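Since the structure of chain A is provided, determine the placement of chain B on it from the hints.
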Amino acid sequence: MSLGKILLGVLFICLPGQVFGWDWRTKVTVVLKDRPLEEVCGLLEKEYGIRFSYSRNIVDLSRRITVNIHNKPLKKALEEIFDPYNIRFARIGEQIVLTEIKHPVYTVSGYVQDIRTGEKLIGATIYSPRQEAGTITNQYGFFSLTLARDTSSLWVSYIGYVPQRLAVKGVGKSQVSVVLTPKNSLPEIVVTDSVYARSQTNLLTGRMSVSPADVKSMPRLLGEADVMRAIVALPGVSGGIDGGGALNVRGGSPDQNLVLLDGTPVFSASHLFGIFSVFNPDIVKDAAFYKGAFPARYGGRLSSVVDISLKDGDMKQYHGEAAIGLIAAKAMVEGPIKKDKTSFVVSGRRSYTDLLEDNLFNSTSENGDENRAYVYFYDANLKVNHIFSERDRIHFSVYTGQDKLVLNRASGVSQQDTVYETTKTRFSWGNYTGTLRWNHVFNPKLFANTTGNYSQYYFYTDYSYNYKPVSREDTIKLFGKYYSRMQDAVIRMDLEYRPGPNHTFKFGGGAITHIFTPGVSRFEDKGSGEKTVDTSYGAGSTVGGEVLLYAEDEWKVLPSLQMNIGLHTSGFLVQRTFYGTLQPRLGAIYRLPKNWSLKASYTHMTQYLHLLTSGGIDSPTDLWVPSTGKVRPMYSRQASAGVFKTTNNRMYTFSLESYYKIMDHVIEYKEYTPFINTSPGNWDDKVVSGRGRSYGGEIMLEKKKGTTRGWIGYTLSWSERRFPGVNGGTYFPYKYDRRHDLELVLNQRLGKHWDLSASWEYTSGLPLTLPTGSYEGVGDGSPYDFPDNVPILDWMGKRNQYRTQSMHRLDISATYSKKKKWWVKSWTFSLYNAYNQHNPFFFVIVTDRKKQERYLSEISILPILPSVTYSVKF
Amino acid sequence: MRYSIIYIILLSGLLAACQKESRIPIPYDGDKIVLNSFIQPDSLIYIRVTKSKPVKEYGNLQFPALENAEVEILEDGTRLPVYWKVINGRGYYVTNAVAKEGKKYTLNVADSGLTSVSAEDSTPGKPAIKNGSAQKNTNRVRFTLTDDVAKTNYYRIRMYNAEMVGGVMVPNKKDTVKFRLDPSLNNSFIDIIGDTYYSEVMINDERVNGKEVLFVLQTSKRVSSDYMMVEVNSLNAGGYKYLQATYEQRLGGSIDLSLDASSIFSNVGNGYGIVAGINTSWLAFAVQ
Chain A
1 MSLGKILLGV LFICLPGQVF GWDWRTKVTV VLKDRPLEEV CGLLEKEYGI RFSYSRNIVD
61 LSRRITVNIH NKPLKKALEE IFDPYNIRFA RIGEQIVLTE IKHPVYTVSG YVQDIRTGEK
121 LIGATIYSPR QEAGTITNQY GFFSLTLARD TSSLWVSYIG YVPQRLAVKG VGKSQVSVVL
181 TPKNSLPEIV VTDSVYARSQ TNLLTGRMSV SPADVKSMPR LLGEADVMRA IVALPGVSGG
241 IDGGGALNVR GGSPDQNLVL LDGTPVFSAS HLFGIFSVFN PDIVKDAAFY KGAFPARYGG
301 RLSSVVDISL KDGDMKQYHG EAAIGLIAAK AMVEGPIKKD KTSFVVSGRR SYTDLLEDNL
361 FNSTSENGDE NRAYVYFYDA NLKVNHIFSE RDRIHFSVYT GQDKLVLNRA SGVSQQDTVY
421 ETTKTRFSWG NYTGTLRWNH VFNPKLFANT TGNYSQYYFY TDYSYNYKPV SREDTIKLFG
481 KYYSRMQDAV IRMDLEYRPG PNHTFKFGGG AITHIFTPGV SRFEDKGSGE KTVDTSYGAG
541 STVGGEVLLY AEDEWKVLPS LQMNIGLHTS GFLVQRTFYG TLQPRLGAIY RLPKNWSLKA
601 SYTHMTQYLH LLTSGGIDSP TDLWVPSTGK VRPMYSRQAS AGVFKTTNNR MYTFSLESYY
661 KIMDHVIEYK EYTPFINTSP GNWDDKVVSG RGRSYGGEIM LEKKKGTTRG WIGYTLSWSE
721 RRFPGVNGGT YFPYKYDRRH DLELVLNQRL GKHWDLSASW EYTSGLPLTL PTGSYEGVGD
781 GSPYDFPDNV PILDWMGKRN QYRTQSMHRL DISATYSKKK KWWVKSWTFS LYNAYNQHNP
841 FFFVIVTDRK KQERYLSEIS ILPILPSVTY SVKF
Chain B
1 MRYSIIYIIL LSGLLAACQK ESRIPIPYDG DKIVLNSFIQ PDSLIYIRVT KSKPVKEYGN
61 LQFPALENAE VEILEDGTRL PVYWKVINGR GYYVTNAVAK EGKKYTLNVA DSGLTSVSAE
121 DSTPGKPAIK NGSAQKNTNR VRFTLTDDVA KTNYYRIRMY NAEMVGGVMV PNKKDTVKFR
181 LDPSLNNSFI DIIGDTYYSE VMINDERVNG KEVLFVLQTS KRVSSDYMMV EVNSLNAGGY
241 KYLQATYEQR LGGSIDLSLD ASSIFSNVGN GYGIVAGINT SWLAFAVQ
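Chains as they are written, first to last, in full-length UniProt numbering: chain A, 1 to 874; chain B, 1 to 288.
Since the hints were derived computationally from the structure, they do not count as laboratory data. Just so it is clear, the structure is predicted and the values come from calculations on it, not from any experiment. Watch out, some of these pointers could steer you wrong.
Keeping only pairs whose Cα atoms sit at most 30 Å apart, straight-line, the calculated DSS-like set for lysine-lysine is [as the list claims (entries may be wrong)]:
| no. | chain 1 | residue 1 | chain 2 | residue 2 |
| --- | --- | --- | --- | --- |
| 1 | A | K481 | B | K221 |
| 2 | B | K173 | A | K851 |
| 3 | B | K56 | A | K851 |
| 4 | A | K850 | B | K178 |
| 5 | B | K211 | A | K481 |
| 6 | A | K670 | B | K85 |
| 7 | A | K477 | B | K221 |
| 8 | A | K468 | B | K178 |
| 9 | B | K221 | A | K850 |
| 10 | B | K130 | A | K468 |
| 11 | A | K798 | B | K136 |
| 12 | B | K211 | A | K686 |
| 13 | B | K211 | A | K850 |
| 14 | B | K56 | A | K798 |
| 15 | B | K136 | A | K850 |
| 16 | A | K670 | B | K104 |
| 17 | B | K178 | A | K851 |
| 18 | A | K851 | B | K130 |
| 19 | A | K481 | B | K56 |
| 20 | B | K136 | A | K424 |
| 21 | B | K56 | A | K670 |
| 22 | A | K850 | B | K51 |
| 23 | B | K174 | A | K851 |
| 24 | A | K850 | B | K173 |
| 25 | B | K221 | A | K424 |
| 26 | A | K686 | B | K104 |
| 27 | A | K873 | A | K703 |
| 28 | A | K686 | B | K126 |
Looking at chain B on its own, in the form it has when it is part of the complex:
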């Protein structure tokens, strides 16, 4: 028994990691324009323009919006007018017209004292999904995706509990269902061996190219809602790389600089951020 006590003390020591703030100064490259926009066909284009900050920060984690920036957006070379609008307390430059599928959008932004930036992307086709289904008190949700063989496709999958409002099924976006994909489809070694569930899953079409594939999503909690909705976004390569690389940070995690100090993809020249086409399909269904 005494031996066990020594052993527990030893292992406690082994496992007891010590964490403290580092004295290493964090460098700063200076202020840069941050340009963010996911361009969804049949929707107005919302352009968020902010300024970067030093990494080390005490007291304010908000990023200042550049309200007086010169923002230009071109649709296949044709300029679209934009106006400034505050939504949910955040300022955006918004187009008057909706985006269209298969168009190329170019954004140029300038602001006094900062280097001008530009970025461009096109809007992809809509993902083809069908046959959503789930049973209550189980942890499986199924749907079918048909991949377009003619293109290289990138997808993001999310899932929500939903409710019927005025005869229309509405996703509860504050209640994202955590899930994981069948490991054979998402190419994640971690999923094979781990027990991790995600708010969103990114896949490319390497394994499903041109196929009609039944996706089986394993939820972290048993299904209890009466309705569910599956959201599948179609992306181009840039948007896919961006969402994949920023998953941890976007959803509240921290980056481990020792393990994986990889760069975040950005297609914004001279600045930070992402301009990416996105096209979303929704699948709504009643839980059985």
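If we strip away everything but chain A, and leave its shape as in the complex, we get:
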């Protein structure tokens, strides 16, 4: 061998080590925690002289990674580092060149459902840890995820269910059906883990999921769990301090909340003046709540969306629940009509206060006059779900609910009386809804839902008066009725297209026919046969037509940046007046290290409906009216921003959010308009249009795991209105303005059988208008007719310039559950207003002529209320 050959051989053998200093077998150690991939490259270059070459436009090295590699061959180490991110590496000369691997992709789609019942699970997470890509099931339990073909498995998880690995290799074109097993089948106490689902969904879309478990963790007022009460306990939301009441979200009025029951708007969401919501908790599957960052698919209200989905019914076997409490009884049955094809769920609930004999409402006076009164409410739901094929299924549901109050009075029933006289007054109000939905899967990436629905809210009262003298012919039979009604008929189509894990396109359109009947009265003297004139707002209905189109994209812009960009456009035609709006919607979240996230949103919303409210409180008599040529649609702009943090073990979450909202064309009755006005003429001549603004901050700290759970929510807010002619045309505090609102909710599990809940609410004083002087009144021109008592009048100060004192209330409940062989029984004991706090509900000026005193008096209602409920579940 010549010297030359030997030297050449040495050169070739030594070259990698001497010239490049490294080869694939070079042992490397890389330890980094939550650092960008770019730093891995920098470390290898610094420690081992390994240079990397790549284009930032093609290869994204900003993704964060935690690496713990000790003394591994370079090639294996690089495979471990780059493969999960689809980054290919190759040695070219003294450099390692990085390029992106273009994988062929394929789409996995299907439904996620409960293994026992076949119930579709809303908001279940389907996730590929290797590719850090995932999605959630939509409102119908459907998902679609497009991934690299070499993805071997997905993880599927949902609140309260055992996460499951889904092997996707070999999955063909057909849909998959992922069945999840509850953590405790037929549990004595429902143990739930909402951590993953809630944080994820919250981050992705601004949607707050209120699961049945969340609802049942709240204390049960009068034995009833209530989805609306759980929502009221969230920051940014308030209701009446006594008894729930209407929903006020971020300074908005109750009519600014879009409450959907299986996609159908519900105009009145409470029974018994706000004590119960109309949603029977036994059949509520999921509730989504939005108070900002509204996706473009929602529209028609300014302040919030409450989207409630009912159970579809058990596809496998029959189940049921029944409960009886002091106020109401209820029952629910679900099961298959045809196994795995058709299911049903039916439920009913009724208070039975009217069925019990009691002397509270029924009385007979000394002169024989008889008075009877009774009140009750009921609601009923029916839902049928049928699977035609893998691609097609329909849901049909109906709901009816009503509150009824009847007052009877009879006089002259004794023998001595010369006249027999009876009056009967009936009030009823409630909702009817009907929904038909058709889900169709065009292909694994394209899902469609077509909905037709009808909703009606009505208030009806009638009055009959019979008068019959014993000795003469002067019989009077007077009958009068008054009713108001709001009807919506909706047809719409919603489509979801998921081309890949980075985009979910949602788009669709629809048409709504709004029929407004703001107050019709009819009177008839049957004795004389004369029909009297109508005193209502026009004795007829006004029809408004609304069309809408929307499109939105849930876009994963960067691994750390996700956005929801959308546009909702709608037009409204009423009485030859047309309004059209473009409503941009933008929501974004940016993920920071250590599970911190930044959120921001900006939305426009338009509302073509108004609610005419008389006086200071909301009541069933309030009238829904349309926008007209004189009263423009309400229009809001809202911006919000905040931070969100989840601890590593997902035990705790923390959120801080601020918002600013402007509402144009809010209305109220003009001054000096009589209480509950039914006078003729156009209602829009009797209202004044103004502007509202609200702003504030919300903090929420939640513990989501363990036997002790709960949250603390705090809201600091301002809500103001401005109307021409009120307080000099300047902003004044709106009636729902609460400066400080604190909510504490605690749920404690004790052993296998006991579940304790408590909630405490504190709110600083509510706005109050007080008189600022009293003076002598007059009723007649002649001083000789002056009454014995001087008429004392009070001059009202500026609107809402004063505050009531702070209010607070504690509710507690304890539920004991015991599992039997075939069923679970439970007893629920609850205390509403546990320490009997007297929160003022009304304020009146009392005049005591005898003592020559005048003072401000406050009246509180709803003292401590104990209740017990027994229920069984099979």
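What follows is chain B alone, placed relative to chain A:
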């Protein structure tokens, strides 16, 4: 039965409202002149001038009259002399001449230490009513009102038992008959559904404009008097708003600040009260 007991306890709690004096301090805007006068054609004009007080009061619910105030009243710009007179223990400034129909009256009042006030209104036409009738032991009283189509009219209706004194029928004003109007005429939703009777009823002519309308008044008690009188006042918009807004307080009720803290109409600049024209028609009839 035990269940009923629990239920009654529960409902008792539900219904048991608790009332107490509030600790919230009531503000006071300071003393102001209160000017009150309903000006009736063919009658002297009586002007009551008092001073306002804080709302919270212990020991004295009377309002001090301003006896030394400077009171000026102009009839279509012409000053009318006034003098101080005490009637039934209350002091009034009274004109020497009677008011006239269709005239505009302007009142200016000043008093030392207080901001001067002024107000004005005109006197409306007399309401046209006829054909009053009622039957004993029934609870219906009827009369006919003819509305003037040329004007926007506002009415107040009151009803009294009456007696014959020296051949003249005189209303017993201490015995106001409580009644309610046919709900189709008074625009009150409460009347449709409620069982409330009133000492007076206010209506405007929205539903009766230019018509001759038969009013049927339903009395709370059966008619027992031999004679009755119906009083109908014609008002302008200001007087109507004032009487409507003050009904509860004038007649002894209290205001609910939570439900309806609406302002009382006043046309007295820089002060409180009302100056309003009023024109009254009486209908007297024997009960059958």
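Status of each hint after checking the structure:
no. : hint            : result
1   : A:K481 - B:K221 : 24 Å, holds
2   : B:K173 - A:K851 : 26 Å, holds
3   : B:K56 - A:K851  : 13 Å, holds
4   : A:K850 - B:K178 : 24 Å, holds
5   : B:K211 - A:K481 : 25 Å, holds
6   : A:K670 - B:K85  : 40 Å, violated
7   : A:K477 - B:K221 : 17 Å, holds
8   : A:K468 - B:K178 : 20 Å, holds
9   : B:K221 - A:K850 : 28 Å, holds
10  : B:K130 - A:K468 : 27 Å, holds
11  : A:K798 - B:K136 : 50 Å, violated
12  : B:K211 - A:K686 : 24 Å, holds
13  : B:K211 - A:K850 : 47 Å, violated
14  : B:K56 - A:K798  : 18 Å, holds
15  : B:K136 - A:K850 : 36 Å, violated
16  : A:K670 - B:K104 : 28 Å, holds
17  : B:K178 - A:K851 : 27 Å, holds
18  : A:K851 - B:K130 : 45 Å, violated
19  : A:K481 - B:K56  : 42 Å, violated
20  : B:K136 - A:K424 : 25 Å, holds
21  : B:K56 - A:K670  : 29 Å, holds
22  : A:K850 - B:K51  : 22 Å, holds
23  : B:K174 - A:K851 : 23 Å, holds
24  : A:K850 - B:K173 : 23 Å, holds
25  : B:K221 - A:K424 : 18 Å, holds
26  : A:K686 - B:K104 : 28 Å, holds
27  : A:K873 - A:K703 : 28 Å, holds
28  : A:K686 - B:K126 : 28 Å, holds
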